[in-house]
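There are 2 protein chains.
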Amino acid sequence: MLNKLQIDFLQNNINLYNKLTSKEKEIFTSKAIPIKVDNNKNLYFSSENCKGFIVVFNGTLRAYLDSYQGKEITLFKLTKGESCILSASCMFKNITFDISIDTLESSEIILLPTNYLEQLSKTNLNVKEELLMLTQKRFSEVMSVMESVIFSTLDNRLITYLKSFNKSTIKITHEKIANDLGTAREVVSRMLKTFENEGLIKLSRGNITIINLDKK
Amino acid sequence: MLNKLQIDFLQNNINLYNKLTSKEKEIFTSKAIPIKVDNNKNLYFSSENCKGFIVVFNGTLRAYLDSYQGKEITLFKLTKGESCILSASCMFKNITFDISIDTLESSEIILLPTNYLEQLSKTNLNVKEELLMLTQKRFSEVMSVMESVIFSTLDNRLITYLKSFNKSTIKITHEKIANDLGTAREVVSRMLKTFENEGLIKLSRGNITIINLDKK
Chain A
1 MLNKLQIDFL QNNINLYNKL TSKEKEIFTS KAIPIKVDNN KNLYFSSENC
51 KGFIVVFNGT LRAYLDSYQG KEITLFKLTK GESCILSASC MFKNITFDIS
101 IDTLESSEII LLPTNYLEQL SKTNLNVKEE LLMLTQKRFS EVMSVMESVI
151 FSTLDNRLIT YLKSFNKSTI KITHEKIAND LGTAREVVSR MLKTFENEGL
201 IKLSRGNITI INLDKK
Chain B
1001 MLNKLQIDFL QNNINLYNKL TSKEKEIFTS KAIPIKVDNN KNLYFSSENC
1051 KGFIVVFNGT LRAYLDSYQG KEITLFKLTK GESCILSASC MFKNITFDIS
1101 IDTLESSEII LLPTNYLEQL SKTNLNVKEE LLMLTQKRFS EVMSVMESVI
1151 FSTLDNRLIT YLKSFNKSTI KITHEKIAND LGTAREVVSR MLKTFENEGL
1201 IKLSRGNITI INLDKK
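In the order they appear, the protein sequences are chains A and B.
Each residue of the first sequence is one higher than the last, beginning at 1 in my numbering.
Each residue of the second sequence is one higher than the last, beginning at 1001 in my numbering.
No wet-lab data here; the hints were simulated from the structure.
Beta carbons: idealized from backbone N, C-alpha and C, even for Gly.
Taking CB as the label site, the calculated pair distances span:
(1) B:1125 x A:23: 17 to 27 Å
(2) A:40 x B:1036: 53 to 63 Å
(3) A:194 x B:1153: 18 to 28 Å
(4) A:79 x B:1125: 28 to 38 Å
(5) B:1093 x A:115: 22 to 32 Å
(6) A:164 x B:1123: 38 to 48 Å
(7) A:119 x B:1123: 23 to 33 Å
(8) A:34 x B:1194: 53 to 63 Å
(9) B:1036 x A:176: 51 to 61 Å
(10) B:1067 x A:213: 18 to 28 Å
(11) A:23 x B:1105: 50 to 60 Å
(12) A:205 x B:1153: 24 to 34 Å
(13) B:1067 x A:198: 21 to 31 Å
(14) B:1154 x A:164: 22 to 32 Å
The calculated lysine to any residue pairs, modelled on SDA-like cross-linking and capped at a C-alpha distance of 20 Å, are:
(15) A:122 x B:1128
(16) A:128 x B:1094
(17) B:1128 x B:1029
(18) A:71 x B:1152
(19) B:1077 x A:97
Could you build the full structure based on these sequences and the hints that come with them?
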């Protein structure tokens, strides 16, 4: 059950919600669950634990692929006002992959359990159109990651990654960077050390200080 | 304009076609174009050249990502009875990537130009559902390639790749293998040479003879 603030938020940000009839909106707002999640928590959104449609009300989430060996690669991030249907993947027989979702800061999500999303998509074909749009959006993001992994050298990807923080000092572990980029920690540490020797960055305990990334 | 054989083929193989009303089927069959394509031809299905919905009537196509530097990676193959909507990507604003499609043998395709697919999806919401299913199918295939690229070592991927031919002698260039796997020709040549030294395969001009891939 959502409060007025949350309902207004859906109305202002979520296309799928706006495609619903008044009666369907009532189903959504009475069945959706607001959830607070601490920083760095896993939301376990695999097909065995297919929770539903999530909307980020506050905070930032990270969707990623992980392997049994503990290797990861970040696929996309979800910020305030964004939604994800891959966390309801069990309702789609053609989605055969599992993603994981973590919080990157303490976050609040609105979760519509899968069975209600399924019900709404059956009674309202406009919801299907929105599901198509959302699927294609994530598909495009994943293809962009794929292009970068296949066609860009790791040092270029690491430069782009460091720039994306838009900060002079980045507080991050080498393992976290490796997981975002889908490579090993040792490779990241070695490459950062090279960047330091080239005068691009300065490394200190848990921090990377940017000096001049455009030198590369 | 399709002939009776082609129309029967659509009826027996293509879900999207079967979701159309009789009148819409008439639009499809009168506007679709049967095209014969020689082996190893590019169909130029990027967003600037967004041809439409393709159905493989005969033969095999390969969908892949390519870079300006000429590097490639195979995303999925399309065999008889399969269809692809990514070749109509310009009708979807959320698809921001371009794929290329080649023939892997001389093939016959049925092409429904994008504007007619768009028209059908506007008048028949069941078509939207089918577009969602098809998008999710390709999304899953791409995720599977991604998992393999990120989490599997290249030698394991090469073994799996060679096994997938299910032949004792494979006639293929090292460059073709490199393009399928998204790596450089030199890397493939070096790895095949190692496999030969390990007694897994035997190399000869243009051929790879399988001895025992399970030794690895």
